[in-house]
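As a plain string of letters, each chain reads:
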Amino acid sequence: MYRGRLERDLRQWTAQGLIDAPTAGRLLAEYDSRPSSFSLGRVLMIIAALLVSAAVLLLVAANWEFIPRILRLVGIVGLIWSAYLAGAMLLMRGFERLAAAFLVLGTLSFGGAIALVGQMYHLSGDTFQAMLVWFAGAVVAAALFRSGSVTAIVGFLAFAVAGMNWFGPSGADEAVLLWLMPLLAVIVILLVRYTDAPRVRHLAYLLLVAWLAFIYGENETPQTAIAIAALGAVAYLAAAVPQSPLQALARSAGAAPAFYSYLVLLLGLFVLHAEFDTVGDRLILGIVTLAGAVAGIALSGKENGAVRYLGYAAFAAETLYLASETIGSIIGTSGFFLVAGLVMALIAWAVIVLERRFSKAESRLEA
Amino acid sequence: MTISRTFRLPPLVAGILAAALQTAVIGYMVESRASILRSGADIRLKTAPVDPRDLLRGDYVTLSYPISTIPSSIVTGKPPQASGVARLSVRLEPGADGLWTATEASFSTLPAQEGSVVLRTLPFHYYSPGEDSLPDNLFVTYGLERYYVPEGEGRVLEDARNAEELEVEARVSRDGTPQIARLILRGEPVYDEPLY
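So the protein sequences, as listed, match chains A and B. When you line the first sequence up against the working numbering, it's residues 1 to 367, in that order. When you line the second sequence up against the working numbering, it's residues 1001 to 1196, in that order.
Do not take every clue at face value.
To be verified - Here are some chain B residues pointing at chain A (derived, C-beta under 10 Å):
(1) Phe1007
(2) Pro1011
(3) Gln1022
(4) Thr1023
(5) Ser1032
(6) Gly1058
(7) Asp1059
(8) Leu1063
(9) Tyr1142
(10) Ile1184
(11) Val1190
(12) Glu1193
(13) Pro1194
(14) Tyr1196
In short, the hints are calculated from the structure, not lab data. The C-beta atom is built at its ideal place from N, Cα and C for all residues, glycine as well.
Based on the provided sequences and hints, a complete structural model is requested.
Shown next, in the form of C-alpha cells:
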C-alpha cells in the first residue's frame, strides 16, 4: 500500500541525492506515528475482541441451562458496563488502541443482550427491530466515544439491518423501508466524518450502490436504469468537476465519492444494455457509454486511479460489445475476431496517447 | 465540514452514558415482556403439525397454531381496498376443552368483550383479490411462533408437536401483544417461564 510506495520512493530520492538519509528516516517515522497507519498490535487486538465477542454471542445462543437466565442477563449487562468503563479508563490513560478493542466488545455484547431478551421471551418476527435497536445503540456508543472502531461495527450493522429489511418480515411501512438504506448510509457517513474513520466510508457507499441495485430489482424498467445512470452522472460531475461547489466536500472524502458515483453511472449504463433491444438504441447507448468512459478518464484520470481504471475497463468492454453488435453481425464470426484484435490495438494506442498527454501536461505544469 | 479534533467527551462520561443507555434499552425490552407475563390475560392454544437455529438466539422449535389461519367467514368490517401491509385484530374465545379459538377478526380494532381476548397479529402483506372481497384464508403470525430451547433439546418438543400433544399457554397484554407463558406437553407443564 501507500507505506510501501513511500519507502521505495524515499530510497530512490536518497539514492539520487534529492534528500539525505536522515530526512528520509524522519519522514517515514512521521508517517508511522500517525494514528491511521497500520499497526499490527491494534489489528490483532481488534481480532481478539471480535473472537471474545463471538464467544459471548454463542454462549447466549447455546441457551445453557447451567447458568440461570436471570444470571445470564445480569452477566451480559455487567459485561457491557465493564467493557465501556474499561475502554474509558484506557482512553484516559492514552491507550487508544487497547481501548478500541474494549469498546468493540461492549458494543457487540449489547447485541448479545438484545438476542438474550428475544430468547428469554420467545420473540419471533422481530429480527428487523432487534437489529435496528442494536444499530442505534452502536451509533450512540460510536458518537459518545468518537471511536473509529465502533464506527466500523456500525457500518457492518447497517448492512445487517438492510438485509433483514429485505429478507425478513419487518412490519414497517414500505415507504419507510425504501428510504431506510440511504438514511443508514447518511448516518454512517456522518459518523465516519465525526470519528475520523475514513475506511468505513466504503461500507456506506457500498450500501448506497446496493440500494440502487435493490430499487432496480423492484422496478426493472429502462426508465429506472436511465434514472440510476443519470443520478450517477450528476453525482460524479458534482464530485469531479473543479467548478462544482461540492467538489471541495467530495475531495475531503478522498477518491471514494468520485469512484462510487462513476461506478453507479456505469452500472446504470450496463443494465440499460440489457433493457434496450433495438440496434439503433444500442448504438446510441454505446456512444454514450464510450463518451462516459472517456469523460471519466479525462476528468479524473490524473488524480483518481480507481476512476481511471474503471474508465479504461468500460471503454474496452463497450468497444468490444459494439464491434460484436454491429460490425460483427455483418462480416461474420471469423471476421469478428479480426476486428476485435484491431479494435484492441486501437484501444491500446488510444490509452498510450492519453497517458503521454498526461505526463506532458504534468511536465508543462512543473516548467 | 471539519469538526475540531480536540473535542471529545470525557471518556468516563462517554462510558457511563453508553452503558446506561444500552442497559436502559435492555431493561425496557425485558420489562415490556415481563409486564405481560405478570398481568396479561391468560389464554391456552393448541399447536398444529422443523430443528431450526437462529444465529444469535440459538435452537428453537417452530410452532404454528390453528388461529394462524383466519377463514374469511369470521372477518367482520371492511377489508383494505388495495394490497399492502396490514394487521388484523383477532378475538379469541375459550372452548369446552379449555383451548381458545378465533371467533372474529377485523382489520380495524375490535372492542373488548367479557369472556374474550383480542390479539393483534404481526404486520403481514395483504394481497387484495379485488375491492370488498377477501381471499378464502388469511395466514397471520402473532410473534408466538418460536420457542427457544437449550441446545439439542428441541427434538422431544418437536415430536410432541408433530403428535399434536403440545399446547401453549400465553398471556396477552391490553394492547393485544401475546407472550408465551408456559409450554404444556401431554397436559403437564414443561419449561415454566419465570418473569425474568
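These are the hints, each one checked on the structure:
1. Phe1007: Interface hint status for Phe1007 (chain B): holds (8 Å vs cutoff 10 Å).
2. Pro1011: Result: holds, 4 Å to nearest chain A Cβ.
3. Gln1022: 5 Å, holds
4. Thr1023: Because about 5 Å separates Thr1023 (chain B) from the closest Cβ in chain A, which is inside the 10 Å limit, the hint holds.
5. Ser1032: 9 Å, holds
6. Gly1058: 4 Å, holds
7. Asp1059: Since the shortest Cβ distance to chain A is 7 Å, the answer is holds.
8. Leu1063: 9 Å, holds
9. Tyr1142: 8 Å, holds
10. Ile1184: Hint violated; Ile1184 (chain B) Cβ to chain A Cβ min 14 Å, cut 10 Å.
11. Val1190: 13 Å, violated
12. Glu1193: 8 Å, holds
13. Pro1194: 7 Å, holds
14. Tyr1196: With Cβ-Cβ at 5 Å, under 10 Å, it holds.
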